[in-house]
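S.K.: Each chain, letter by letter, is given below.
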Amino acid sequence: MAEVDGDRRYRDAVRETRIAVTDGTLIPDRDEKAIFSAWRISFFGAIALLVILPVFSPRPYLDIIRFIPDGVFRTLQVTVLSIMLALVIGLIAGLGRISRVTVINRIATIYVEVIRGIPLLVQLFYIYYALGALVQLPRLTSAVIAMSVCYGAYMGEIFRAGILSIPKGQMEAALALGMSRSQALRKVILPQTLRVILPPVGNEFIALLKDSSLVSVIAVSDLLRRGREYAATTFRYFETFTVIALVYLILTLFFSRLVAYMEDRMARRGK
Amino acid sequence: MESRVKIEYASKNFGSVVALKNASLSVQPGEVVLIIGPSGSGKSTLLRCVNRLEHLSSGEIWVNGRRITDPHGDIRGIREEVGMVFQNFHLFPHLDAISNITLAPRTVKKVPKDEAEERGRALLKRVGLSDKEFSYPDQLSGGQQQRVAIARALAMDPQIMLFDEPTSALDPEMIKEVLDVMLDLARDGMTMLVVSHEMGFARAAADTVVFMDQGEIIEKGSPAGIFDSPREERTRKFLKHIL
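So the protein lines, in turn, are chains G and C.
Under the working numbering, the residues of the first sequence are numbered 1 to 271, in order.
Under the working numbering, the residues of the second sequence are numbered 1001 to 1243, in order.
Worth double-checking, as some hints may not be accurate.
Unchecked claim - Simulated crosslink set (SDA-like; lysine to any residue; CA at most 25 Å straight-line):
#, chain 1, residue 1, chain 2, residue 2
1, C, 1132, G, 266
2, G, 187, C, 1006
3, C, 1113, G, 181
4, C, 1125, C, 1171
5, G, 168, C, 1055
6, C, 1110, G, 181
7, G, 187, C, 1074
8, C, 1006, C, 1207
9, G, 187, C, 1108
10, C, 1132, G, 265
11, G, 168, C, 1099
12, G, 187, C, 1121
13, G, 187, C, 1115
14, C, 1109, G, 186
15, G, 187, C, 1054
Stated by the list, open to error - Ranges of calculated distance between the beta carbons of each label pair, as one might list FRET restraints:
#, chain 1, residue 1, chain 2, residue 2, range
16, C, 1110, G, 228, 56 to 62 Å
17, C, 1168, G, 191, 35 to 41 Å
18, G, 101, C, 1039, 54 to 60 Å
19, G, 191, C, 1039, 48 to 54 Å
20, C, 1070, G, 109, 30 to 36 Å
21, G, 100, C, 1188, 38 to 44 Å
22, C, 1070, G, 100, 16 to 22 Å
23, C, 1187, G, 88, 49 to 55 Å
24, G, 100, C, 1214, 48 to 54 Å
What the hints assert, rightly or not - Here are some chain C residues the structure puts well away from chain G; computed CB gaps all over 10 Å:
#, residue
25, 1006
26, 1073
27, 1133
28, 1184
29, 1187
30, 1237
By construction, these hints were calculated from the structure, which means they are not laboratory data.
Heads up, the beta-carbon is just placed ideally off N, CA and C, and yes, glycines get one too.
With the hints as constraints, model all of the structure from the sequences given.
M.R.: Set out below in structure tokens:
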């Protein structure tokens, strides 16, 4: 079959575009046997351990498992709120980075450069303690703001790369039909961008889930902090952190599989 | 009668490359103008300047009496009157055929959904694709995609249609289905500016053939005049290559 049609080539190019932002776990695609099998072994192995340990040695494992659920909830809460806010910030930063208005472009670029140059832990302290001197923010709010301002910078680069990966002809076709730039962006470019950026955004989500453990330093009772609280009173450091590590592992592996599943669904849709 | 398109001394440089040099051309209502010439001769650039996808370096272009080279002019209003069909179709891959067609009327002209879709279906029928309403671009052949692209441009009720090598990306067996749609449009009295080397279409539908080389309009005339007895040596040479 000799298919030499342009938009199909573009479409394939778009679908094949992979924006490599590596910090999260590997995304287990069913087609990649080695990773998928490693994923299964780690995921179910971690769950099995988490079941077997309390059965054979309920003290302290069962106590630990009883102690941490609200930490798990808090970790997920910080992660989900932060990723949502980071997406909004990232969209704005990404649009700013490709803006032809010099002032907007500079501001966006400076934001990205500055944020990426400061460790997340320092940003957390800064927003919580330094800004806390000016405005009193609840700990959770500070944590979410710090996480999303930081991740917004990375997200901005993902949006920028995603938007730039859409063939120029798409914008031209929209403009030729009489649409304004912003209409073309909203109706033509961004819907296609979302498809391209899903994998790297999924990666960011998982990286953020892990980095959310940093918020324990500003006294947000997340998973890690709950573990530290338990260990501090019982001195069962080894057992506690074994459980904490296993729970983080199960969470990240679960979400990485979910991202792979969503990617798969997206690739199938509209075919 | 007022020209639909009037181009005066249009010049365009890309850096040090001269893409257009003092090109002047006027297109009357209902006229079908075919632009031919070797690659890099400025044909596409000329076309893309008519709806300001490219900006002229100097010269003026009027569309329906409105000066599009006016930096403060209503370019979007003019673009609504000028439909464009691209070599590589540029359909919106995330939308099905009917949504590709209705997007601009709904977004730009705020036509209600039902009305836009009814008109969209009529246009799909016109290009012979009534059964492809819900097909996505990657489910369509090249010829079908190009016909949807023509329908999409027509949905804005343009008075002028620009065709930028509409059949160049197509397999030979699909060229005819696209040319048939274009012939049908020409017969209906659409004003058309077509960059193409389809001689059959030229003889059947073109009123004027323009030959361009190195950014300049070398000569223009009736299809018979240009193809059978070109005045310029360069035209003769070029025609020998493609005929």
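S.K.: Determine for every hint whether it applies to the structure shown.
M.R.: Cross-check of the supplied hints:
no.	hint	result
1	C:1132 with G:266	22 Å, holds
2	G:187 with C:1006	32 Å, violated
3	C:1113 with G:181	22 Å, holds
4	C:1125 with C:1171	23 Å, holds
5	G:168 with C:1055	16 Å, holds
6	C:1110 with G:181	16 Å, holds
7	G:187 with C:1074	21 Å, holds
8	C:1006 with C:1207	16 Å, holds
9	G:187 with C:1108	11 Å, holds
10	C:1132 with G:265	23 Å, holds
11	G:168 with C:1099	20 Å, holds
12	G:187 with C:1121	21 Å, holds
13	G:187 with C:1115	19 Å, holds
14	C:1109 with G:186	16 Å, holds
15	G:187 with C:1054	22 Å, holds
16	C:1110 with G:228: 56 to 62 Å	58 Å, holds
17	C:1168 with G:191: 35 to 41 Å	28 Å, violated
18	G:101 with C:1039: 54 to 60 Å	36 Å, violated
19	G:191 with C:1039: 48 to 54 Å	34 Å, violated
20	C:1070 with G:109: 30 to 36 Å	33 Å, holds
21	G:100 with C:1188: 38 to 44 Å	40 Å, holds
22	C:1070 with G:100: 16 to 22 Å	20 Å, holds
23	C:1187 with G:88: 49 to 55 Å	52 Å, holds
24	G:100 with C:1214: 48 to 54 Å	31 Å, violated
25	1006	20 Å, holds
26	1073	14 Å, holds
27	1133	15 Å, holds
28	1184	21 Å, holds
29	1187	24 Å, holds
30	1237	28 Å, holds
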